[in-house]
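Residue numbers (UniProt numbering), protein chains in the order written: chain A, 1 to 321; chain B, 1 to 321.
Everything labelled a hint here was simulated from the structure, so no lab data went into it. Each residue gets a CB set at the ideal place from its N, CA and C atoms; glycine is no exception. Incorrect hints may have been included.
As the list claims (entries may be wrong) - Far from chain B by the CB rule (all over 12 Å, computed), these chain A residues:
(1) SER122
(2) ASN185
(3) ASP247
(4) LEU263
(5) ALA277
(6) GLY283
(7) THR287
(8) ARG288
Said to hold, decoys possible - Just the calculated beta-carbon pair ranges, DEER-fashion:
(9) A:ALA244 with B:GLY35: 34 to 40 Å
(10) A:GLY48 with B:ALA105: 30 to 36 Å
(11) A:LEU311 with B:TRP189: 44 to 50 Å
(12) A:ALA309 with B:ARG10: 27 to 33 Å
(13) A:GLY111 with B:GLN306: 41 to 47 Å
(14) B:LEU311 with A:LEU91: 52 to 58 Å
(15) A:LEU91 with B:GLY171: 54 to 60 Å
(16) B:GLN306 with A:LEU91: 35 to 41 Å
(17) B:ALA123 with A:PRO33: 36 to 42 Å
(18) A:ASP170 with B:LEU311: 47 to 53 Å
(19) A:PRO53 with B:ASP295: 46 to 52 Å
(20) B:ALA123 with A:LEU311: 35 to 41 Å
Protein chains: 2
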Amino acid sequence: MASEFDLIARYFTRPAPAGLLGVGDDCALFPVPVGEQVATSTDLLLEGRHFFPDVDPRALGHKALAVNLSDLAAMGARPIGCVLGLALPRLDEPWLAAFAAGFHALADAHGCPLIGGDTTRSAHDLAISVTVFGAVPPGQALRRAGAKAGDDIWVSGELGAADVAYRLLDGQYPANPALLAATRNALEWPEPQVALGLALRGVANAAIDLSDGLLQDLGHILAASRLGATLEYARLPVAAAVAALDDAPRRRAVLGGGDVYQLCFTAPAAQRQAVLAAASAAGAQVTRVGQTQADPGLRVLDDQGQPLADLPAGFDHFPAA
Amino acid sequence: MASEFDLIARYFTRPAPAGLLGVGDDCALFPVPVGEQVATSTDLLLEGRHFFPDVDPRALGHKALAVNLSDLAAMGARPIGCVLGLALPRLDEPWLAAFAAGFHALADAHGCPLIGGDTTRSAHDLAISVTVFGAVPPGQALRRAGAKAGDDIWVSGELGAADVAYRLLDGQYPANPALLAATRNALEWPEPQVALGLALRGVANAAIDLSDGLLQDLGHILAASRLGATLEYARLPVAAAVAALDDAPRRRAVLGGGDVYQLCFTAPAAQRQAVLAAASAAGAQVTRVGQTQADPGLRVLDDQGQPLADLPAGFDHFPAA
Numbered sequence: 001m002a003s004e005f006d007l008i009a010r011y012f013t014r015p016a017p018a019g020l021l022g023v024g025d026d027c028a029l030f031p032v033p034v035g036e037q038v039a040t041s042t043d044l045l046l047e048g049r050h051f052f053p054d055v056d057p058r059a060l061g062h063k064a065l066a067v068n069l070s071d072l073a074a075m076g077a078r079p080i081g082c083v084l085g086l087a088l089p090r091l092d093e094p095w096l097a098a099f100a101a102g103f104h105a106l107a108d109a110h111g112c113p114l115i116g117g118d119t120t121r122s123a124h125d126l127a128i129s130v131t132v133f134g135a136v137p138p139g140q141a142l143r144r145a146g147a148k149a150g151d152d153i154w155v156s157g158e159l160g161a162a163d164v165a166y167r168l169l170d171g172q173y174p175a176n177p178a179l180l181a182a183t184r185n186a187l188e189w190p191e192p193q194v195a196l197g198l199a200l201r202g203v204a205n206a207a208i209d210l211s212d213g214l215l216q217d218l219g220h221i222l223a224a225s226r227l228g229a230t231l232e233y234a235r236l237p238v239a240a241a242v243a244a245l246d247d248a249p250r251r252r253a254v255l256g257g258g259d260v261y262q263l264c265f266t267a268p269a270a271q272r273q274a275v276l277a278a279a280s281a282a283g284a285q286v287t288r289v290g291q292t293q294a295d296p297g298l299r300v301l302d303d304q305g306q307p308l309a310d311l312p313a314g315f316d317h318f319p320a321a
Numbered sequence: 001m002a003s004e005f006d007l008i009a010r011y012f013t014r015p016a017p018a019g020l021l022g023v024g025d026d027c028a029l030f031p032v033p034v035g036e037q038v039a040t041s042t043d044l045l046l047e048g049r050h051f052f053p054d055v056d057p058r059a060l061g062h063k064a065l066a067v068n069l070s071d072l073a074a075m076g077a078r079p080i081g082c083v084l085g086l087a088l089p090r091l092d093e094p095w096l097a098a099f100a101a102g103f104h105a106l107a108d109a110h111g112c113p114l115i116g117g118d119t120t121r122s123a124h125d126l127a128i129s130v131t132v133f134g135a136v137p138p139g140q141a142l143r144r145a146g147a148k149a150g151d152d153i154w155v156s157g158e159l160g161a162a163d164v165a166y167r168l169l170d171g172q173y174p175a176n177p178a179l180l181a182a183t184r185n186a187l188e189w190p191e192p193q194v195a196l197g198l199a200l201r202g203v204a205n206a207a208i209d210l211s212d213g214l215l216q217d218l219g220h221i222l223a224a225s226r227l228g229a230t231l232e233y234a235r236l237p238v239a240a241a242v243a244a245l246d247d248a249p250r251r252r253a254v255l256g257g258g259d260v261y262q263l264c265f266t267a268p269a270a271q272r273q274a275v276l277a278a279a280s281a282a283g284a285q286v287t288r289v290g291q292t293q294a295d296p297g298l299r300v301l302d303d304q305g306q307p308l309a310d311l312p313a314g315f316d317h318f319p320a321a
């Protein structure tokens, strides 16, 4: 009868940091810095949909938290803590130990301790829910709706590798061990850009993370801000292994590939030096890739200044049957 | 490509209350009352494990939030808001509309608006994750570890009906439409005791909700407080339809039956009038059912003062195979 509680205790209970009440009561409790608001995001990840059944459990624990920390990053919020729901089809202690290790390592790196959770048994698939909490002063959050016409559009990191790794593992592309080796870390060990998000407070006008792909996520900023934009395809920062691919898979990966936990943000042209200084302070790479404008629509120009046709669609969890 | 976002917008986006930023950014934002802490709880509910596939979706939406609000109640926290993760095996708009209606109705009743979420597609089962946020002043939360030796033990509401309804629906008991009709609401439409939890701040020493059954949940209080206890079986408040059952199913339902979103709490004997006043103010029924003591162990006495043998175990999501 104690197995469920034993498991939670063994792998997920750790001494709560000062001021926080952790696993082991009806609720976890945490204080919020005086005068700040709470930012929160939740994700529900499912086996076979968001990750492969045979994924390294340590990488899965890392990524389950990373995708949520990335949402805090995109708002410019400082992590406070997180809660975890885990539905397991079976008891597998080595798996649990590795999952917990990957989760806690990223939590420690970002000062985002696990303070509560719910473990249950599932009939079929593994399901993971993570909710993160962060703090941000009122008015300083990076919103999707804050972009202004004429803003520079920036992206952090490099694009394309996660999409290529996913399609290789899914069998959509022919087996290519060298290409998989060069792209797999981007898919399985994304690094949320928390420091960059914090550094962009007061510098960027709008931000989003690239979980659904550049065109779709930039589209969310444009819709919320009632703007259009032009991207210069040749300026986009492309992972080296992806740059060597044929035109179609490269374009699909760079423009449409999701699962990229980098930031896309806009900032006034007058802030270019401030953006570069923020990125440098955060240890992040940023690239200026285009500009917003009052005209609606999202255009991508080739190196001749001509619009690219046949732009890839973003990722959709409910594709038409 | 827009179907996922359309669905979220149609059924789950509502105007955010003043000060809260709702669905539609990387994070939701909410303020916390000055000087208070955040209380949070998360639950992951799975089809076939926590609810039957054919459950009324309106009741399911209600209950998914109710079980989390019950955790806020057990801490004496005032609801602020919640986030929802929903993994759907298929698109079923009437189902979604009913689920959302049940969810929002309870959220409105408790001032706990839905401010963020994640909708995705599942391969097999429906999965629902809810995380709630509440506020409580430091030091005023009702903790499991706060019970003192000699405290009265109280429970709110009535016990047993949810367990009987579950076993009827699961086919463990022979079909009995009259008994099902008398017990089903307790299983499918639990009312979280939020007002009672708030009224018990400063009155109760410890509290928990009865999601895992009286013996197991009281056991959590005793373990956290390093105490024992004696319950008087004849004092326990039993739902009328359950009181009429044979001894074995009645005892199993009352002592072991989980899914009861009532509170079990302890308070000093000197606070009896204050407990009754708090319950009256909250519109709740409370019953004094026993006493804690320094001696370890949990005893249940029959009306002759003799210990009951063969106490039922609590609910375990991972029973031994």
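**Q.** Broken hints, by number
**A.** Violated hints (numbers, rising): 1, 4, 9, 13, 14, 15, 20; every other hint is consistent with the structure.
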